[in-house]
Amino acid sequence: MAAFMTVGAKGNWDFVLPFRGGKLLGLVLVAYAVATATVLFQTITQNRILTPAVMGFDSLYVALQTALVFFLGTRDLAIIDMRPRFVLETMLMVAMSMALFHWLFLSRRRSLHLVVLAGLVFGVFFRSLSHMMQRILDPNEFIALQDMLFASFNTIDTQLLAVSSVIVLVTAWVSRRLLAKLDVLMLGRDTAVNLGIDYQRVVMMLFAVIAVLVSVSTALVGPVTFFGLLVASLAYQAVGTDRHEYTLPAATLIAIIALVGGQTVMERVFGFDTALSVIIEFTGGIAFMLLLYRNLNR
Amino acid sequence: MIEIHNLTKCYDEATVVDDVSLKLPESGITAIVGPNGAGKSTLLSMMARLIAPTAGRVLVDGLDVQETPGAVLAKRLAILKQNNQVNMRLTVSELVAFGRFPHSGGRPTVEDKRHIDEAIAYLGLNELRDRFLDELSGGQRQRAFVAMVLAQDTKYVLLDEPLNSLDMKHAAAMMKLLRRTADELAKSITVVIHDINFASIYADHVVAMRDGRVMLEGGAVDLMQELVLKDIYDTVVKVREVDGHRLGLHYL
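Chain order of the listed sequences is A and B. Numbered per the working numbering, the first sequence spans residues 1 to 298. Numbered per the working numbering, the second sequence spans residues 1001 to 1252.
Note that these hints are calculated values from the structure, not bench results. Quick reminder that beta carbons are idealized off the backbone N, C-alpha and C, glycines included. It cannot be assumed that every hint is accurate.
[Said to hold, decoys possible] Here are a few chain B residues that face chain A, going by a calculated C-beta distance under 10 Å:
#1 1049
#2 1081
#3 1107
[To be verified] Computed footprint of chain B on chain A; a stretch qualifies when at least three of its residues, placed anywhere within it, have a C-beta under 8 Å from a C-beta of chain B:
#4 173 to 185
#5 196 to 204
All chains, please: the whole structure from these sequences, using the hints.
Below you can see the structure in the form of structure tokens.
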């Protein structure tokens, strides 16, 4: 982190430190959001391959944002302050994804294959929906939208940092309170109910936390599909136990190291030549295929 | 006492449990027997609030299982289903420690540790306590899960086919253990069981089901009659007395 703040800094420190500090905070928030959302999601679904991103939930967020521009127009949007809008979007996102999660995981027990397939189809559906709306949009509005969506690790939306930090702190508090119950959830629904957990309520609460975290990370840096999967599996390997008091911090820590470290190397060594997300998605994608392959062979 | 009032469960058109009313005693072993698809497991799951009934109520010591908070019930009633797959990497003692969750909320006290050690010793798992579940045989794993349920220290224990995947020796040992638990710790244990002979030898009370209905409620002697068994299982079972136990010869 210190390296990220200082290496290759030329010029006025008064500029460098706040600028990089903002970026650093953004990266840490994203790392926490992605790692936590993935671990929680895998606990609920009792599955080490599914992640919110694989299930297409960040494309839901993109679709939501596109729809907002489509129906309201950028002029109206420009008047509204960014922060309340973000909060509103997050709330919409929570509502929609909870409906979807509920249907997929709670209303009836479905086979894992069906759930994965449904997730992929949803992802494609929301992406095509966004594309279609983007085609019809007025070119000027389209450019404005592009600007909103093309967030990346280099151009973290600093306006949203404060709001995001607050939101993330709230979710951290909620998941901290549920920590002991999370371990019990891993034993499966029946055992969890037997041990006195109000399964429906706890799971819906966790789904809400996940939806919020996905919104935060997507709003800050855009969709990252395989990053969560990568850090979650690395965390399980690293700590050698499945207790959440260890796996959650471990996943977050690994995510921070990967993001901040990767960003430093990318900026200072490669001179902004490649995009960090490309590298992360590449390794993450390979990890995903390896996991799938190992599960198929079992 | 567990009271079941007009309990019914339907899936779409199919009625799996059909208007069952029962009273299960405060102590001793109750065996639920019957052919495949009789609704035994569904009945057990509804008693333990794992499945919501279509109609009817279950009262555990007067508490309605659908309305009472889960945390309260978890101190009175424990259930162990068959096929317990755990995706988590856990040692035996870690698994058994989960049985204390309703009491400790995840922060085990000295009292909880004592219960955990007792349950592990009771099932003869002392040497295996630090082994991981995926390194155990099917029978050992089954015993670890039973230890978890015993550590939960509830008055009522419901077990869904606890003899599944156990060989002759371990099946008999498990039934003896349940007998001892019921007698020494004064618990009410309800088991769904396939082998009528185990029910005949070890159960105080028998409930026989067929097509979602209760066909018979009574002692083991009432069940082990050739005519009764033919009615329940639709097949001829000779019954002979051996060393004072009535055994069904369903292999013939």
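To see whether the hints hold, each was checked on the structure:
{"no.": "1", "hint": "1049", "verdict": "holds (6 Å)"}
{"no.": "2", "hint": "1081", "verdict": "holds (5 Å)"}
{"no.": "3", "hint": "1107", "verdict": "holds (7 Å)"}
{"no.": "4", "hint": "173 to 185", "verdict": "holds (count 5)"}
{"no.": "5", "hint": "196 to 204", "verdict": "holds (count 4)"}
In this structure, none of the earlier numbered hints is contradicted; all agree with it.
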